[in-house]
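Asker: Sequence:
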Amino acid sequence: MAIVALVSAKGSPGVTTTALACTLTWHHRVVLAECDPSGGSVLAGYLGGALPGPRGIGELAVGELRDGNLEEAFWSQLVDLDAPKRERLLLPGVVDPAQAGSVVPLWQRFADFFSGLAKGRPAYDVLVDCGRLQVVGPPWPLLRAADLVLVVTTARLPHLSSTQATIRAIERDFAEHRVPADTLRLLLIGGEHGRTEVGKALRIPVIAQLPDDPRTAEVLSHGGTVRANRPLMRAASGLEVPVRAVLDRRRARLGWPAAIEGVSGAI
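In terms of my numbering, the sequence shown opens at residue 1 and continues consecutively.
Heads up, some of the hints might be wrong.
As the list claims (entries may be wrong) - No farther apart than 35 angstroms at their CA atoms in a straight line, the calculated lysine-lysine pairs in the DSBU-like style are these:
id	residue 1	residue 2
1	Lys200	Lys10
2	Lys85	Lys119
3	Lys85	Lys200
Just so you know, the hints here were simulated from the structure itself, not pulled from any lab data.
No experiment lies behind these values; they were computed from the predicted model shown.
Generate the whole structure from the sequences, applying the supplied hints.
Answerer: What follows is the structure, encoded as structure tokens:
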């Protein structure tokens, strides 16, 4: 299984909506980890704040700094989005701004732990919502630890301009930390410009282009009934195919062992 991080540039929305749509349609066990330093939104938005008591990465960080008990506490902080199957799990993000100071020093600790989840039994894919990169305390260790980093942007010129600067910043960081160059991909939302045109302009492969589906985005952001036949959900369901293909090609090139539980090439 794998860690897939999603991130965007300033002014380019869509990371949380995309990550949640993928989580709800993923074909294997998955954990959605909200690791946006500016705060999570799924708990208050899509879930309507209906869960009792504090829960999420902020609580984990406080406990880890106090007791060092991340392994024991992790599973109790998750929300089962498809109860009781425990196949689509959410680690809610920071809800109290005061917790952000506890989370930022632990990005590397979380990166190491998520890597363990991807290799465990049972193994989970981990979709990491890193939010927008231009914030205080961005989760660079999570991006470096990811098997694939998807830069999410709408296919509109103002957003593409800021996305280009974000891509170059990630490329510089990855080169400095010896992260494989082919870890980075672009994920487009909307159709104002085509994937071939955008890929050439930004000099980065486009893994997929999701439709602009405001009605579904509204439900994913503020709650309601998610309909599997909506354009965004159908496209999100198909995104796992090119993700697996990229990872399988890398495994073959580097001689990595096949993904456990027979998931490699299973889609």
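Asker: Name the hints, by number, that the structure is in violation of.
Answerer: 3
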